[in-house]
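Asker: Residue numbers (my numbering), protein chains in the order written: chain P, 1 to 502; chain F, 1 to 533.
Please keep in mind that the hints were generated in silico from the structure rather than gathered at the bench.
Check before you lean on any hint, since a few could be wrong.
[Unchecked claim] Think about it this way: if two alpha-carbon atoms lie no more than 27 Å apart in a straight line, the pair counts; the simulated DSSO-like pairs of lysine-lysine are: (1) P:Lys136 to F:Lys525; (2) F:Lys174 to P:Lys74; (3) F:Lys515 to F:Lys245.
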Amino acid sequence: MSKEVEITLPNGTKYLQPTGLFINNEYVCGSKGNLIDSIDPATGQVICSVECAEELDVDKAVQAAKAAFYDVWKDSISPSERGDLLYKLYELTKANKDILAQIEAFDSGKPLETNAVFDIDECIGVLKYYAGWADKSHGEYIPINKDKWCLTKHEPFGVVGQIVPWNYPLGMAIWKIAPALAAGNTLVLKSAENTPLSILYFGKLILEAGFPPGVVNFISGFGPIAGSALATHQDVRKIAFTGSTHTGRIIQKLASDTLKAVTLECGGKSPLLVFKDCDLDQAVKWAAIGIFSNMGQICTSTSRIYIEEEIYQEFLNKYVIHVKQEYKQGLPFEHKDVVVGPQVSKLQRDKILEYIEIGKKEGAKLLLGGSKPLEDKYSQGWFVEPTIFSDVNNKMRIVREEIFGPVVVCGKFKTQEEAIKLANDTEYGLGAAVFTKDNSKAFKVADAIEAGMVWINSSNDSDFHVPFGGVKMSGHGRELGDYGLNTYTQAKAIHVNTGFLL
Amino acid sequence: MLRVSTFTGAKVTGTTTIRTTIGSQQLITKSLLARFYSSQIPLKVPVTLPNGIKYEQPTGLFINNEFVASKQGKTFEVLNPSTEDVICDVYESREEDVDLAVDAASKAFNSEWSSQDPAIRGEYLLKLADLIEEHSEVLAGIEALDNGKALISARGDVALVAKYLRSCGGWADKIFGSLIETGDSHFNYARREPLGVCGQIIPWNFPLLMWSWKVGPALATGNTVVLKSAESTPLSALYASQLVKEAGFPAGVVNTLSGFGKITGNAIAAHPKIKKVAFTGSTATGKHIMKTAAESNLKKVTLELGGKSPNIVFEDADINKAVANIILGIYYNSGEVCCAGSRVYVQESIYDEVAKAFKAAAEAVKVGDPFENGVFQGPQTSQNQLNKILDYINIGTQEGATLISGGKRKGNKGYFVEPTIFGDVSEDMRIVKEEIFGPVVTMSKFKDVDEVIKLGNDTEYGLAAGIHTTNLNTAIKVAHSLKAGTVWINTYNDFHQMVPFGGFGQSGIGREMGKEALDNYTQVKAVRIARTN
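The following block holds chain P by itself, in its conformation from the complex (with noise of 0.2 Å):
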């Protein structure tokens, strides 16, 4: 526990923050010294540097979750055992939530109150949740006939390799951490170069609920080397990642000489339809929540929504006022009804406002925003004003491309049919919400839309008991759930012949 430093929060809490690799329950040093410097969103300070993992970094992290799952946790841990490890990790989150959250605050620019406590929450869910699942994977036995019978056994991988980014930097750990423990294997994670404090400071936790070591290893670095090192290695039995679509093809590809199992939850671009028969209020309210929550720096954020042409205009008025009234900038540490904060890097705030220039140019109608905030206290960080467009068509850029921020594109419909055909025109499908009091349109509608999600009435209250993923370009695989668990899990069958005499 030598790699620590102190840091002071702004609002004058100090905290001790692990600085080191987390690799078989020790916070060490990076073999070449080199550091990354973790920064405050909403000043562009440096909050501090933590080390950085190179290749041999990498391996050394493998070698221990190798060393682990070997050693101790296949065999010498039962499923009901690795379940308590997970409730007393649940418990340690628990109690360390306010610390958790303020760092998250800190770290990735959301806001406190509104948002980074309810990303701890979640964590807290998720833990427990897996926890109970940890003695609950069942295979199956299977009749064949007098002579023969089966059964399935769902077991671990061994390593797997866990890259998360960095809108959620401690729910996207977690979602990953929890069913891969509660499925019995052991792990190395890379968190995102930008965001990899409240992950490090997670360690302590993994270390105080008693885990063997090697179980959880976390690793700070750079896609192109530490995560690119976790896809190729030989000893990585599996690899999951959330992030762009772009890089996930890397992550494809990267897997395919050693043949890796792969998860990936990627990009996405996902319609919200609002029909005329629709509560319209909420409708405005949970399109507002869809794209401008997290700084639309969600990856199944609404970001397109369609408008039967009806209430086209009344919808955008409404909309117009309420995201103005509701969607408050501030300092994420501000006071507690600040609900914009900061983009999480410059590289990610000057794209939007590119797009933003892209949009104006292909001759969408700006309604909202469009710029950085103006007041003195905004000069140094990261922000954007929440940004409306309107009179879109799917040719444009900002309908077609995902854009990562709280920008959002309006666009109106006559029928269902073109509705259904608007919301499928895209590579990405990860979600998609649907408003309308006519149950039979919902579910039409939501058999129709190629998406992993579909909300009916709601946008982006996604939920832990129930699984989360993309189709087309938006990834493979499911977290959370059930579902979730069995992708840490591979079948084996066993096969017992007691009768069949050759």
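Put chain F on the given structure of chain P with help from the hints.
Answerer: For chain F alone, coordinates are given in the frame of chain P:
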């Protein structure tokens, strides 16, 4: 049998105070008095366990998260089966108390309990599991004192209780329905919904463990509970009920009543507002409960009943291990185990060798005070049981079975019976056919696999079976051919919270533990939506 309270200071119709004493000659008088007099005892009494641990024992009925006196104020004595001394008195429930408990449970069911986020129910169960662990030494002590089981067995029971409740906590938010594809015209799904107020009646052989097997899945699935403990062992369920409250369960979700089968048990089975009854006990009582449930309001019924389980030793078995498992199969918990391996069948070529080793092992079983180190077998739970077992030993001798070992009461204080083995039995003997529920086992020989399957299945029961062999094919063939809900291969009385337990034939209906237990406490609702446009 109802015995009047011997609590000093019992009140007669609330006005006159009399003093009663313990003494068998006064028993009749006291029983008569009990019809007319009610006693008022404190709702908590201090108890000192034989190992020195002191605790406060609740004595009331646990209704709506409070311990209360019974409406009629009746109480009964709880005896220590090792010494026949009174431990304390507890309040006895009657029909009107069942009504109160059912009202509380109905109210709780109709509150947010059954419709809220199931993860919340899970959290209470996790907390309860933690509390059981925290209080494990007291609970194990209560169990050893009240039931007479060896402290070491009682500790095992309590550990399994915590594990099982924790597993139920995990199940709470994992009760899934299904979506059924039937083509374009409809959208269909099936939900699993709780039943409502569940009545549960548990036996005295594993008082706390059976309590957990009943309340765990009922609560995980969103039901509420009115549970009756066994009259001879009410203490641990009452103690655990305080933990229910401490774990944060809303009032009325769990109600625990001390009382007698003919009164309280019957009232539960017949109650029009109870939607399901789950019972563990004898087959005769199980049949009565099923009838009562049918006549009243066609409640759903699950039953865990008696057994006469075969424990089979093949000539290729590891004999030392097999004998250890036979001992565990019949003398564990003083033989008061519904799945006890009470019929031992040994392949003829090794019969004499096994008989010799078994006799030696049975004689080495340490019988005595449950709190004494090294004791494996404590007393039987009650005088009734003791008498019944001694009767059966008599019957066996008269039927011409050879008494290989044991056969007598041990000492004259406390309900102890020697580990008993009968050899040379034939299938038509009553001691081979009927459940004795004590440390009495019959032993006979068989020639081959086919014969032992026939012998094993020659019973009205079908709870469990044991097979001891090193041959995989033999193990599998026999396991698949026996009509039993549980088959243990090279082990016995070996439970796990994830593995279902229950009976074939007259051993019962439904399964406890594992995922299967949840099915006992849910009903399926199919929702079919027409697509009109």
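Asker: Give me the numbers of the hints this structure contradicts, sorted from smallest to largest.
Answerer: Failing hints: none at all.
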